[in-house]
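Enquirer: With these hints in hand, go ahead and build the complete structure from the sequences.
Going letter by letter, the sequence shown gives residues 0 to 601 in this note's numbering.
Hints listed in this document are in silico derivations from the structure and should not be mistaken for laboratory results. Cβ coordinates follow ideal geometry from the N, Cα and C atoms, glycine included.
Below 30 angstroms or equal to it, Euclidean Cα-Cα: the simulated DSS-like pairs (lysine-lysine) are:
| id | residue 1 | residue 2 |
| --- | --- | --- |
| 1 | Lys429 | Lys206 |
| 2 | Lys449 | Lys211 |
| 3 | Lys405 | Lys449 |
Simulated DEER-style distance windows between Cβ atoms:
| id | residue 1 | residue 2 | range |
| --- | --- | --- | --- |
| 4 | Glu526 | Glu347 | 52 to 62 angstroms |
| 5 | Asp532 | Thr454 | 38 to 48 angstroms |
| 6 | Gly467 | Thr241 | 30 to 40 angstroms |
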Amino acid sequence: MDVLKTVFGFPAFRGLQGDAVARVTAGADTLVLMPTGGGKSVCYQIPALCRRGMGLVVSPLIALMDDQVAALRQLGVNAAALHSELGEDEAFQIRADLADGRLDILYVSPERLLSPGTLDRLTRQSISVIAIDEAHCISAWGHEFRPEYRALESLPRNFPGVPRIALTATADPRTRDDILAALAMPHAEVLSASFHRPNLIISARPKGGETKQLIAALDRRRGDASIVYCGSRARTERTAATLRDKGFPACAYHAGLSPQEKRAALHRFRSGEPIVMVATIAFGMGIDRPDVRAVVHLDMPSSAEAYYQQIGRAGRDGLPSDTLLLYGGEDMTRARYWLDQSAAPESEKRVMRGRLEAMIALTETTSCRTRALLACFGEVLPEPCGHCDNCRSPAPTFDGTEAARKLLSAVYRTGQRFGALHVISVLRGKASDSASRNGHDKLSVWGIGKDGSETFWRGVVRQLIARGALRMGDEHGGLALNDEVARPILRGDESVMLREDAIEAETAGGRKAERRNDSPADDLPEEARRIFDALKLWRRAEAREQEIPPYVIFHDATLRDIALEQPGSLAELGRVKGVGGSKLDRYGEAVLRTLLDVGRAA
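Expert: Right, dumping it as structure tokens:
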């Protein structure tokens, strides 16, 4: 508790932090499952400072390491990171500090850790604790599998008697078991916090005028940071360009960028400025910006685990933040097709197929979406969350059995090789060269769905794909029946309830959502708001001078508390949550001067 207060500036542990710190400090192996923003890093940083020797942290991304090191140095902790982007002089200094025992905590990638030179240096040091961050990367069942993580099972042989702590924000029961087996931690205690993030407002919409839907979602968060996830590099570039044309400060990020371009994009995002980062999944893991207010998916992730990890980058400061998933039948059929075509063993494909189907079910659920998402991790939410899209505006349903039978019949009668547009045209009796050439205008299903609009039938197609009654028959997008699911519907043995809102045109972005601009200053009194704004300006200038992200100096929540409490001395400032001893020494006088300046100007 002394280290928590004097170094980190917090009066008490949150949730399972205390249990994790106690176990690891006592020398026990531990697996910690905690949502993004739950404070996982404290679980290994405090034991590293309390036990004799240097803490060793295995981390998968350079951006993650650099953020953590910058934050620890602000706290007065002598931390460093060994990675490939270090300059020669900096790498030499870190190796010298390591040899002389001057480091409290060292971050390293798994590849660098297990290289002969690094491993030889480290085995000559006294190691206090080994932390494996983003531990789901070790699991072949995890959504971000990194094969090099598998070599970490050798750690007990190289560092006998050193306690290990593995941490992740995303792991279903199968992945948890795989982490423990792969790390050879059979006796580790598993500490699992709730994955529920009440501040995340989870929504999903069928695609219908994606650009308008995207702009409607981001418009509610103008002036804030947002992330837009796309399924391809080309799509990120196109989307970023479109958003810039619409006046948004948008930037693309994907694996095809040069190292210099990636660094520039990351610098913009970490600088604290309002920005929309349009990215593939190459972006985000380890990014510690706490004030991301919206995460939008333009393409459906392949699993609930990947989805949860990505939306978890929003609202790390605990303030309300939006998430929106745009999905369509083509997403589902494409994902199923590529999974079927993959070279993975059939046992793996079965697991991946189950995860994909859970993700698809999540898009079309009519019940609490948050509850459905948590169920993917084996967690039961006792009551509906009350703030997801389905809770705030329940989707009406209707008996769509007859519509489903008509559509499935049309797919069957046309030979199970034509795309949705052709099948819908046949249903609606719309003449075309393709219909007459193939004799489809003579079929019994010709025109039996003429009372429904194209939008209506597109919604039926998508929901039958989600249900598993339809699938993509070939790489050209032809629809085909899944006999096991489709035949009971065709025979009339099974009824089908469809979402009404899912078959309405949604070109304006779906169900109306109010403009939000949740900010730490929203409910502050006028004087406190002036102080908060002045402190943010001071923090931004200080961050630019040090070339670090503003939130590394103080989080918005700490600035808010300072603005409310208006401390008049260093002693009073030191009692504010988030102001530890090192930050008090470094910034205390400047903060007090800022408070005085605001008072004089009032």
